[in-house]
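Colleague: This is what each chain is made of:
Number of protein chains: 2
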Amino acid sequence: MAENLKETTVSKNTIHHGSFLDLHRDQVRLPNGKIANREYLLHPGAAAVVPLLDDGRIVMVKQFRYPTGQIILEIPAGKLDAGEEPETCARRELSEEIGYEPGELIYLSSIWTTPGFTNEVIHLFLAKQLRPFRREPDPDEFLATVTMTKEEVLQHLDTAAIVDAKTVVALSYVERRNLW
Amino acid sequence: MAENLKETTVSKNTIHHGSFLDLHRDQVRLPNGKIANREYLLHPGAAAVVPLLDDGRIVMVKQFRYPTGQIILEIPAGKLDAGEEPETCARRELSEEIGYEPGELIYLSSIWTTPGFTNEVIHLFLAKQLRPFRREPDPDEFLATVTMTKEEVLQHLDTAAIVDAKTVVALSYVERRNLW
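In order, the protein sequence lines correspond to chains A and B. So in full-length UniProt numbering, spot 162 of the first sequence is number 162, and the numbers just go up one at a time. So in full-length UniProt numbering, spot 124 of the second sequence is number 124, and the numbers just go up one at a time.
Only chain A is shown next, with the shape it has when bound in the complex (with noise of 0.2 Å):
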């Protein structure tokens, strides 16, 4: 099959600037020449973290998304700083949301959230030899820590009971590998 499957900017155009979403319409060209719009938001990217404890225990959030209107069970995940790297974002992430600095952190892998209309990536990480340390959290982020034995998450990867992609993503990666 033809692998000629490429689109080429013939403009662009910002549509908002927002606080952290700026939302675009681009015109393209298509592989067959005609010229259709593409509206897709340009993010900064994030990392988000699964946290070993040394007991063999995760440690994961529930937080309100809004856009959702649920508490949605997370790992510890936040978008990157201008110019952050994304193994400084997971500890920084870790440290504001469950208070906790790795003495080891293992590079899972990179995904695209939803890459039809946002260039969002979020960088996974594994997290061990954890120790308390608090940085100050977010005053307006409120957060539950919520702590699961190995066994508990499998349970919940196998009924689908964790329903935020990224998590199930991490978690999934952590079991196949076997790196708890």
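To be clear, the hints were calculated from the coordinates, so they are not data collected in a lab.
Since the list can't tell identical chains apart, any single copy or any two copies may satisfy a pair.
Here are the simulated DSBU-like cross-link-like pairs (lysine-lysine), alpha carbons at most 35 Å apart as the crow flies:
1. K79 / K128
2. K34 / K6
3. K62 / K6
4. K6 / K79
5. K62 / K79
6. K34 / K12
7. K6 / K128
8. K34 / K62
9. K6 / K150
10. K12 / K62
11. K128 / K150
With chain A's structure known, arrange chain B on it following the hints.
Modeller: Relative to chain A, chain B alone:
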């Protein structure tokens, strides 16, 4: 820890009404009583499907994803039409994107792709007993199909060669539940 995590809507504001994405900025009341803004995209939701051939191979698609600037390997997927059931959408995308209809469609799970800034949910399915059935594809959508053995898929998962979140989640579920 206090479970008072919920944010309540104070006012709603549509910033942009796009071709399929609506950008909103609502004022919300935080659990501490303070007022904050929440920017997010309303999304119609989507369905994605793992197509399992009778010989055990999986059919995927490669597609240029403009926001990422890359050609990405994914399972067939698409947005829900207005009022469309996820299962109907999964069947439609199967026939439009790879030219099959399933004898059996197994629901796997539903995931939030990135709940911090969108309500996009993707309903994941496994399609079996595939028979050729080509519905007219979207003329402005350019895809290449890729067929892989189970071993190739597992190797791709092990090496984090698959970078699309929904694809990793869906294939991991098929593997964990031993559905292939």
